[in-house]
Amino acid sequence: MLPPHSLLLFIAATLAGALNSVAGGGGFIAFPALLFAGTPPINANATNTIALWPGTMASVGAYRSELADSRTWRMMLPLFLVTVAGSLAGARLLLRTPQMTFMRQVPWLLLGATLLFTFGGRVTRWVRQRAGQRVHASRLAVVGVAALQLLVSIYIGYFGAGAGILMLALFAVMGMENIHTMNAFKTVLASCANGVAMITFIVAKAVVWPQAVLMIAGAIVGGYGGAWYAQKLDQKVVRYLVIAIGAGMSAYFFWSR
Amino acid sequence: MPLTTTIGYVAGTLTTVSFLPQLIKTWRCKSAKEISWVMLLAFALGVTLWLVYGIFLGSAPIIVANTATLALVVLILVLKVYYSFHGKPEN
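Residue numbers (our numbering), protein chains in the order written: chain A, 1 to 257; chain B, 1001 to 1091.
Some hints here could point you the wrong way.
List of simulated lysine-lysine pairs, DSSO-like, C-alpha gap at most 30 Å [to be verified]:
#1 B:K1033 <-> A:K186
#2 A:K186 <-> A:K232
#3 A:K186 <-> A:K236
#4 A:K205 <-> A:K186
#5 B:K1030 <-> A:K186
Calculated Cβ distances over 10 Å to all of chain A for the following chain B residues [as the list claims (entries may be wrong)]:
#6 L1003
#7 Y1009
#8 G1058
#9 A1060
#10 P1061
#11 L1072
What the hints contain is simulated information worked out from the structure, not anything from laboratory work.
Where a beta carbon is used, it is the ideal one built from N, C-alpha and C, also for glycine.
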């Protein structure tokens, strides 16, 4: 790893950690930085997952009080089971994907994640506002929810950017009402899925360790800094910044194909 | 573009577009009762596996067509789940 690359990766991971602690979307910076530093795309994705995982785990701690209700845990149990299976499948799928095929998907994946970031929140709000009387859903409807979560977690194992927004939308569709509980379970499920993907990548030796260690350190520094500034920053401005970075990165990778 | 790839894209476009009328109908009627759960779930799983197969092969027509089909099937599945948990939405 050349010194300019080390510096680029550390700065990118710091910014990514900061963004993730404020609005999410750190992957839009960390993953392209790994590509710019010459990491092959699949290894870049695996390394990115590991670099940003400690940050997600840290935010689970922040939601302790929201995670105390055992009834919600019982309702969520099937989702945890499919999350483990799905993220394992997604990570293995990534490892079996030819590097060139994945590289061709990168601009589309970035574009998709940017669109999720831009419109996902609006869809969730819309569903919550229009929700009719909550009715008792059939078992098959629960299977339907599990199937959707399975797809989301396959996506987390495979790429994952913007998946948190997908889960919030899914919880809204399921009729969950408390936004704090929704955020808490989104964070726990995302950590669980990314954790499973991370172990899969480590076992398959897909991680480039010097870069990973450097980025974990950067992300932790950025995460603390981000949390410190989070109260002072306008969330909206940060969100626009994330959308602009996502759109810029997608445009760049479309252009450079 | 080679003939094989062209046929792949035409096939993919047709099978994908065929799901659009169902999505529009489900959205307009605000009901997905008439769609079978088993059919929908099996179809979603089938399309997902097609997508995985396409990624393994690195075949663009299979990847593109099945990603688009999966997106439409997922939207129908989301509507069906939504109407199962909420009944009809308030207008």
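Verification of the hints:
no. : hint               : verdict
1   : B:K1033 <-> A:K186 : holds, 29 Å
2   : A:K186 <-> A:K232  : holds, 24 Å
3   : A:K186 <-> A:K236  : holds, 21 Å
4   : A:K205 <-> A:K186  : holds, 28 Å
5   : B:K1030 <-> A:K186 : holds, 28 Å
6   : L1003              : holds, 21 Å
7   : Y1009              : holds, 15 Å
8   : G1058              : violated, 4 Å
9   : A1060              : violated, 8 Å
10  : P1061              : holds, 13 Å
11  : L1072              : holds, 13 Å
Hints 8 and 9, counting from the list given before, are not met by this structure.
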